[in-house]
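Novice: One-letter residues, chain by chain:
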Amino acid sequence: MAQELKGNNDVIVIGGGVNGLVAAAYLAKAGRKVLLLEKKDALGGIAVTEEFFPGSKFSSLVDGAGYFAPAVASDLKLHQHGLEIVPVDTIVYSLQPSGQNLLITQDVSATVEEIAKFSAEDARAYPKFVELLGKISAVVAGIMHMTPPDLPEIGWENLLNLRPLIKPVRKIGRVDFAEVLRVMPMPVADLLNEWFESEIVKGAIAASALLNTSLGPQEAGTGYNFLFNWAGSNNGFFRSSGNIVGGMGALSEALVNAAKKLGVELRSNSPIDKILVSNGIASGVELSSGDQYSAKAVVSATDLHTTFMKLVDPYYLDQTFVRHLENIKYRGTTARVHYVLTELPGFRAVNGEAQKLISGHLQISPTITYLQQAYDPVKYGRYSEDPYLDIFIPTLSDPSLSSDGAQLMSVTVKFMPYHLQDGKWDSTRDDLARLVTNKITEYAPGFEKLVKHQKVITPLDLERDYDLPEGNLTHGEMTLDQFMWMRPIPGYGQYRAPIKNLYLCSAATHPGGGITGINGKNAAREILKG
Amino acid sequence: MNKDFDVIVVGGGHNGLTTAAYLAKAGKKVLVLERRYLVGGAAVSEEIYPGFIYTVCSYVVSLLRPEVIQELELYKHGLHLLPTDSGFIPMENGDYLARYPDHARSLDEIRRHSLRDADVHDEFDNMLYEIAFAVKPILGYTPPNLTNPGLSGTQTLNRFRKHLQSLGKEKFHWFTKIMTMSVYDFLSEWFESDVLISSISLNGIIGTMLGIKSPGTAYVLLHHYMGELDGAYSAWASQKGGTGGVSEAIASAARSYGSEIRVNAPVKQVIVKNGRAIGVALENGDELYADIVVSGADPYVTFRKLVDEKDLPTELVESIDNFKFRGSSGKVNLSLDALPDFPAMKDKSLMQGGIYICPSTDFMEQAYDDAKYDDFSKRPFLECVIPTAVDPSMAPPGKHVMSIFVQWASYNMPKYGDRDQQREAFGNAVLDTLAEFCPNIKDLILHQQVLTPWDIEDSIGLTQGNIFGGELTLDQLFFFRPAIGWADYKTPIRNYYQCGSGTHPGGGITGGPGRLAALRILKDGA
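Protein chains in written order, with the working numbering: chain A, 805 to 1334; chain B, 2 to 527.
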């Protein structure tokens, strides 16, 4: 190695997605000299706003206010760096074929009245449900902010890691804590069956718990995803509401500004060829350009396959590790369709008031059985003709996204399997667009005539264009066997790689995806421990 | 009030009998009351048609706890297990996968389907053996009360923790995986041959309304695998003369220790006075008094039928109402004029083992998907056993009986009309599916008995026909079984205990719950 290593960095961060930026900012804030290297031109990873059509800007992959942790936003003073969230009262507006839609807002008593249209029993149960689940999800918030213990070892180090749990667990007491343990491995459908009888109510509440998974509501572990959303929503309800001004990319911009201000050196267009290891210790990186940079620690914000199958010499990995690595389940099932519309669609509503109510998340998940049936075909490598659609019209709360007054609409489409049995996604793209347009038209007559432009992002596009293995937005399924001490690799849940001074901070680590920024924060804490 | 007995056990299923035997052995004066004309619950053999003995429900024995066999000296009382360790899986393309008693021959057979799978098979078996071995002691723990563990609960939790730590990381990680994954995903980490995965995966879905791709089913595989560790017969076995013989052996042991067993004695209610169980009222109006009453029934019957709601805390009533039964299994029992012919079966000795209709993983998953929306599988998974191929005494000379276990059927299947019509449609689907692989089956049938989940409920008394006394899902295991705070065989009613499969360690002919309940009762100083 004749070449001289450049720089005297304390830490090099590989990848400028949200978690890379967060980790870099926290490390710089703690006084470390940090260099962040991003392969692409733009920073932000999957939190990007893109102008797919001139004058029309879209949150490419994720809508709304997301699940970004308020603790991280305030630690990094993101609101001073341009992050602005418009509150939206609506949690979910669940569209029904009959037009008798279900509106769930932050106003519990108004929601009770809405639910009463479908079931008086459910209306009675709802306030108690919100209270109990809100209470127990606080424990999940604690879980998200902790470094997972390296079970089955329970040394001092591991016990100290559990600190974020102490307060919430003490607060809810043993009885409710036992309830957390029971609910986490449950299917969300079973949980809701214990509270509600109306298929419509259950369909409205369960749906968002599936956005980050490849599973239907009857599958075990979706209960955890449900609590995860609740804990991360920051509004006391089961899914986040609100809208980031400027789209998801504005979150990344605020992070970039904060990181710069804290002294992080950010370089885009800097793809990395390998992580340098000397004497079993990570010592820096080599760029595709051939330049090498040294650092006392390297933290990878990219997915695990890129990190360990492309950037690291396999010599340093043992057989068990590689076996677990190869067995990480990705299997993305998300597609996106973006529309530029000539005017707002006319969603059917019996009271004619739909237009007033569509500024939040609109769901085509009319019943919980519909959701399960939308999932079933995935198991055979097919997609449903009746998908679950999660629709957002960002221009209603942020007109600045469209320069010519057109309305924009983004749709998350579930469940679209990356592994398609008959055919390839590139030849299926138009079918997908047609399917989604037709489905929306069922709920908004005449919708298809309003479409000026459309942009389809298939699971394969997610892999190719956004570096997400198998199109999985969370760098690995959010399933029970890939949580906590099992995430990203069993025994490596503490943000450390098997190579000394190499750390991990992508969504592949605990607590998983969802653009929370918590992975970056937790990883920075571990790196600072040394 | 004069007491008639020290202990009255409600329900003469195999766990009730086990509790009775242990308590009688400890010197208690015990009475078992069974609703039906014979003991055994779901583990019974009945001569439904003259000369043909059916293992009506449970049809294989593999999980019976070795300590129960030993402590109750069951071999002396007639336990006689015949190994059934071969397996035959016909495929849709006319090929098959077979498992033989001879290990090397089985490996050769796997090699025919995949070289790689044959290479890793022993490593997989070894891994599963080690996890099963590691988890097994937990089956012998009385689950602590999480909400108020007390001294003994804390001790158990500590034992539990130390035990898990003693596994070391690698085994612990496998343990976590098997507790949380779908059986399909778990097996796919090891094997590539679809029919091999399908044939092993079936152990993950028996008795649950879950498919092989549903998370949580890998544990059910482990639950079944644990039986393959014990005793002289290290694999699946059937009882000579039918499964009822196992119950008879336990009943005989109980009697030998002085326990009385009454059949045709349905209990109407447990008599509770001042929050304490003091006896039982029978359907015929008789009342019998005892210090202790133990229910061998499932949690729904134990808490919602035998006692009054007002004697229970609201949380427990809610928990029991939420406890998932969702019976998903059916049974078809046949009298046959001759041995059936499976054209794909070259070695006819395979007739003596299990014959599994699970030709592919898609077949299995589709069978589940068909049934989960209030229906039955159009092409169900079938596990066929021909006991007369091993034990000719169960049918007249030259004739045979065939036991067909069926997954999946829902408890409610309204679209087929009334229950008779539902049963007929379901029975037809089973025979049509079997006929795809065994074309002459319909010509050989002399008699047939079809049981849907609600037939199992009606005849055996299992709520919604769940054969495990409640599903073995993650949220219903160990300290959640059957409810948080009440997993230690006690109930909120003093001197009223539970000992059925709805308690830890769960369903199957294990004797585990029965034994642990007896130990709890003795520890409480009865």
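Hints listed in this document are in silico derivations from the structure and should not be mistaken for laboratory results. Warning: the hint list may mix true and false statements.
[To be verified] Result set (SDA-like, lysine to any residue): computed pairs, CA atoms no more than 20 Å apart in a straight line:
no.	chain 1	residue 1	chain 2	residue 2
1	B	K170	A	L963
2	B	K163	A	V1126
3	A	K844	A	Q1096
4	B	K170	A	V1126
5	B	K163	A	I958
[To be verified] Over the 12 Å line for every Cβ pair with chain A, so calculated as not near, a few chain B residues:
no.	residue
6	Y76
7	G79
8	L152
9	F173
10	K178
11	I179
12	K214
13	P344
14	V391
15	D392
16	P393
17	G399
18	G486
19	D525
Idealized CB from N, CA, C, for every residue including glycine.
Novice: So, for every hint listed, does it hold in this structure?
Specialist: Results of checking the hints against the structure:
A threshold of 20 Å between alpha carbons decides the hint, and for K170(B) with L963(A) the separation of about 17 Å falls inside it, so the pair holds. For the hint pairing K163(B) with V1126(A), the CA-to-CA distance comes to about 28 Å; that exceeds 20 Å, so the pair is violated. About 18 Å separates the Cα atoms of K844(A) and Q1096(A), which keeps this hinted pair within 20 Å; it holds. This hinted pair checks out: K170(B) and V1126(A) have alpha carbons roughly 16 Å apart, not beyond 20 Å.
A threshold of 20 Å between alpha carbons decides the hint, and for K163(B) with I958(A) the separation of about 10 Å falls inside it, so the pair holds. For Y76(B), the condition that its CB be more than 12 Å from all CB atoms of chain A holds, with the nearest at approximately 38 Å. With 12 Å as the threshold on Cβ separation, the claim that G79(B) sits away from chain A holds: the shortest Cβ distance comes to roughly 41 Å. With a least beta-carbon separation of about 16 Å from chain A, L152(B) lies farther than 12 Å from that chain, consistent with its non-interface assignment.
A Cβ of chain A approaches the Cβ of F173(B) within 12 Å, the least distance being about 4 Å, so the stated non-interface status is violated. With a cut of 12 Å on Cβ distances, K178(B) falls inside the contact zone with chain A, its closest approach being about 5 Å. Look at I179(B): its CB is around 9 Å from the nearest CB on chain A, not clear of 12 Å, so calling it non-interface is violated. Distance check on K214(B): its Cβ comes as close as 5 Å (rounded) to a Cβ of chain A, failing to clear the 12 Å threshold; non-interface status is violated.
Once the 12 Å rule is applied to beta carbons, P344(B) is consistent with being away from chain A; the minimum gap is 28 Å. For V391(B), the requirement that its beta carbon stay farther than 12 Å from each beta carbon of chain A is met, with the minimum near 37 Å. Separation of D392(B) from chain A is adequate, the least Cβ-Cβ distance of about 39 Å exceeding the 12 Å criterion. No Cβ of chain A comes within 12 Å of the Cβ of P393(B); the nearest lies about 43 Å off, and the non-interface call holds.
Distance check on G399(B): its Cβ is at least 44 Å (rounded) from any Cβ of chain A, clearing the 12 Å threshold; non-interface status holds. Against the 12 Å criterion, G486(B) falls within the reach of chain A, whose nearest CB is about 8 Å from its own CB. Even its closest Cβ contact with chain A, about 23 Å, leaves D525(B) beyond 12 Å, as expected for a residue assigned away from the interface.
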